[in-house]
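Q: All chains should be built: construct the whole structure from the sequences, respecting the hints.
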Amino acid sequence: DTAVSQTPKYLVTQMGNDKSIKCEQNLGHDTMYWYKQDSKKFLKIMFSYNNKELIINETVPNRFSPKSPDKAHLNLHINSLELGDSAVYFCASSPGQGRMNTEAFFGQGTRLTVV
Amino acid sequence: AQSVTQPDIHITVSEGASLELRCNYSYGATPYLFWYVQSPGQGLQLLLKYFSGDTLVQGIKGFEAEFKRSQSSFNLRKPSVHWSDAAEYFCAVGALVTDTGFQKLVFGTGTRLLVSP
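As they're listed, the protein sequences go chains A and B.
The working numbering applies: residue 1 is where the first sequence begins, and numbers increase by one.
The working numbering applies: residue 1 is where the second sequence begins, and numbers increase by one.
Take every hint as true, because none was put in to throw you off.
Partner residues are not named here, just some residues of chain A that face chain B (Cβ under 10 Å, in silico):
(1) Val-4
(2) Lys-40
(3) Ala-104
(4) Gly-109
Quick caveat, the hints were computed from the structure, so don't treat them as lab data.
Everything numeric in this text was worked out from a predicted model, so none of it was measured.
A virtual CB, placed ideally from N, CA and C, is assigned to each residue, including glycine.
A: Below, the structure is given as structure tokens:
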């Protein structure tokens, strides 16, 4: 009964490939996010969706395309993978329409390695 | 712009000793503050949060944090550290994204806690 689940947990792929990471939450939250953790453990928001609508896009290259088929799912598709895309990608969700004073619940992360 | 500073990259504490992890934030409005913990190979788990009210907040696993507006700080404390507390700790501030009414979390760079026997 994992609250926020991501698949796969590990992903190793070659430069130039296209890959997707899936995220599902069973908390009934309206808002979902993608955060990226780089090799120095720095966490930064990439995208946020509220009820399937894109709310936040933090100047992420357009090779990254999030898709939210419904409010319980937020997938991340990455085209033409580059070495610099290697990172841990975290999905998260929050209640309360993602407004202020709400906490985020994180998934276990997907470690993407581009070789 | 909003930012969070965790000045200690790593800290080593003896098991049973007390712990304080420092966090300073920069945010123009009322801050919403969080501490998350990341165990090796795991996701982030919320330890505690401050939204308003009592400036000393209690969290899970025996952790507490104190909000000090005058110092722009939100330091995390634990009176007696256990070996299982070894992990990476992240302080974060909830920042309003302009023209959206929604927030994003702005994280510090983390502090790695090592626990010695």
